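Could you build the full structure based on these sequences and the hints that come with them?
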Amino acid sequence: MSAPVPAPSVAPAGLALDVAALRAEFPVLRQRVHGKPLVFLDSAASAQKPQVVIDAERRCYEEYYANIHRGVHKLSQLSTEAYEGAREDVRRFIGAASTKEVIFTRGTTESINLVAQAWGRKNVGPGDEVLITALEHHSNIVPWQMLCEERHAKLKVAPIDDRGVVILEEFEKQLSVRTKMCAFSHVSNALGTVNPVKQMTAMAKKRGAVVLVDGAQAMPRIPLDVQDVGCDFYAFSGHKAYGPSGIGVLWGRRELLQAMPPWQGGGDMILSVSFGKTLYNELPYKFEAGTPNIAGGIALGAAIRWLESKGMERILAHEDAVLRYGTQQLLKVPGLTLVGTSPEKAGVLSFVLAGIHPHDIGQVLDAEGVAIRTGHHCAQPVMDRFGIPATARASLGVYNTNEDLDALVRALGKVREMFG
Amino acid sequence: MSDLRELYQEVILDHTKKPRNKRVIADATGQSHGVNPLCGDKATVYVKVEDGRVVDVSFDGQGCSISTASASMMTEAVRGKTAAEVETLFERFHALVTAPSDQAGQNAAPELGKLAVFSGVCEFPVRVKCASLPWHTLKAALTGDDAVSTE
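Top line first, the protein sequences correspond to chains L and D.
Positions in the first sequence are counted from 1; adding 3 to them yields our numbering.
Positions in the second sequence are counted from 1; adding 88 to them yields our numbering.
Fair warning: there could be bad hints in the mix.
Below, in silico cross-link-like pairs of lysine-lysine (BS3-like), each with a Cα-Cα straight-line distance of 30 Å or less [to be verified]: (1) L:Lys103 <-> L:Lys313; (2) D:Lys227 <-> L:Lys417; (3) D:Lys106 <-> L:Lys335; (4) D:Lys202 <-> D:Lys227; (5) D:Lys105 <-> L:Lys417; (6) D:Lys227 <-> L:Lys335; (7) D:Lys130 <-> L:Lys159; (8) D:Lys110 <-> L:Lys417; (9) D:Lys130 <-> L:Lys183; (10) L:Lys39 <-> D:Lys105.
Rather than coming from a laboratory, the hints here were simulated on the basis of the structure.
What you are looking at is a predicted structure, and each value in this text was computed from that prediction instead of being measured.
In structure tokens:
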């Protein structure tokens with residue numbers, strides 16, 4: 004058999020997304036929940052998977068699975084080719100210069116921890132500063148807190164305004180010659196705010212900081228070119244991009260990655276080992292100790308090719324239209340307040356209903372077949388900023404339509420009937 | 089799923105909308121602060137014990153309907169009881185809300201009284217912590233712990 008590495012397909016230009024056809028590619032969306040058609044509005048937590056992704060993982064296990072980078076036998080070669088093919092898919096998708104800069108991890112969280120530990124421990128010292136923003140997910144707060152505690156450095160936080168927009172003047176003011184690392188999200192998971200990452204990166208670089216962008220929410224929604232953003236590290240997860248969970252990516256600039264010590268030790272990350280000395284492997288394998296999520300990586304490649312076949316520009320346009328429609332409809336719901344009203348927004352509609360706890364909203368919506376997330380969305384400082392314990396969050400995937408938002412608004416009527 | 093009304097029974101909605109004993113006891117002999125980090129529920133429970141019995145009990149804070157109603161009904165249920173009796177009642181309540189869902193309400197202990205309306209909670213596992221948070225907090229207030237968390 005031939006290597007299972009299909010060529011990338013390019014979306015035909017100019018046509019709008021055929022969402023009805025696209026929805027049919029997602030087996031999970033065909034079901035009813037509690038007797039109602041499933042309306043899935045929780046893709047910011049994790050997105051559903053199209054058939055091609057499910058098939059890619061299944062084919063790997065059914066047809067050619069073996070460990071990679073090891074065997075001379077046929078299956079190992081096929082698996083290696085498919086896994087490295089996925090790395091090339093990632094490289095192309097994010098506009099990286101080389102596959103050596105594409106490190107497979109378990110997800111965004113592991114990618115950020117890798118940088119905080121392998122880069123941070125070497126480059127951040129007593130009195131140095133790490134700057135983040137007030138809208139970060141816990142995974143872009145806690146690794147830096149741990150680093151700062153260990154290295155006696157200071158964690159600084161750029162504030163956001165009442166719309167959930169980073170106050171750029173304050174952000175710039177907080178940058179100093181002591182700022183070694185500046186880390187911020189591309190799109191906020193709790194508020195939907197799209198940060199001006201190119202501008203923020205330029206500000207931070209001007210002060211000599213290294214920049215990490217948390218792209219977990221942005222990567223499946225916004226066309227991406229890491230070289231154009233200008234950052235040094237970009238992190239994202241497979242599972243929010245219609246791929247499997249347990250696989251993600253850290254992209255980093257080659258010279259930075261080369262200067263970093265390895266993170267975890269083990270197999271695959273070495274060239275040679277003796278009890279006296281170990282020679283580390285070249286990039287990207289230096290950071291990939293142990294047998295990775297092979298089928299997951301391959302399926303992530305399939306997810307990326309699937310995104311490319313739809314066209315990121317068209318995905319962005321579609322989600323933006325649904326987001327705008329949903330915003331208009333939600334604002335008509337009595338007692339509803341949107342949390343996060345940035346003019347630049349993607350994917351997320353976070354809200355509260357006067358006098359009704361988000362947990363109860365989520366429960367009644369579930370009974371109507373509408374799946375949303377309720378709680379603090381792993382962004383407790385954001386909740387504190389707005390003085391609320393939690394929000395209800397409807398978040399979009401490429402498969403959502405205006406009808407899904409209509410169903411949400413109808414179900415919110417039921418919530419008000421019960422608790423109003 | 090069974091009807092949502094199994095969970096949100098009229099009595100529960102009534103206590104949600106009009107919580108009883110939602111106030112501060114200035115001369116409380118014990119108080120504790122409970123949080124449920126998952127959903128952001130926060131409850132402070134105040135208790136006043138005289139001669140080994142709960143003579144007054146109240147709560148304050150913010151929470152979902154299940155935790156609010158549970159706190160409200162708990163304050164009505166434990167008045168006049170000893171710490172040991174409160175503990176036993178909590179055990180019965182906990183067994184009620186964590187029962188296998190196919191046995192919902194079948195083994196409600198008679199001493200639960202009105203608290204039996206929480207039998208529907210067992211069919212919604214993520215809500216168990218909401219229902220039990222006020223009880224954990226009361227237990228801590230009685231034993232002198234000033235904070236509890238469901239995590």
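Structure-based check of all given hints:
About 27 Å separates the Cα atoms of lysine 103 (chain L) and lysine 313 (chain L), which keeps this hinted pair within 30 Å; it holds. About 36 Å separates the Cα atoms of lysine 227 (chain D) and lysine 417 (chain L), which puts this hinted pair outside 30 Å; it is violated. Restraint check for lysine 106 (chain D) and lysine 335 (chain L): the C-alpha separation of about 27 Å stays at or below 30 Å, so the hint holds. Between the alpha carbons of lysine 202 (chain D) and lysine 227 (chain D) the distance comes to roughly 20 Å, so the proposed pair stays at or under 30 Å and holds.
Proposed proximity of lysine 105 (chain D) and lysine 417 (chain L) is supported: the alpha carbons are some 17 Å apart, at most 30 Å. Under the criterion of a C-alpha separation no larger than 30 Å, the hint pairing lysine 227 (chain D) with lysine 335 (chain L) is inconsistent with the structure, at around 44 Å. Pair hint lysine 130 (chain D) plus lysine 159 (chain L) holds up; C-alpha atoms about 28 Å apart against a cutoff of 30 Å. Pair hint lysine 110 (chain D) plus lysine 417 (chain L) holds up; C-alpha atoms about 27 Å apart against a cutoff of 30 Å.
Using a Cα cut-off of 30 Å, the hinted pair lysine 130 (chain D) and lysine 183 (chain L) is violated, with the two alpha carbons roughly 37 Å apart. Only pairs whose Cα atoms come within 30 Å are accepted, and lysine 39 (chain L) paired with lysine 105 (chain D) is accepted, the gap being roughly 28 Å.
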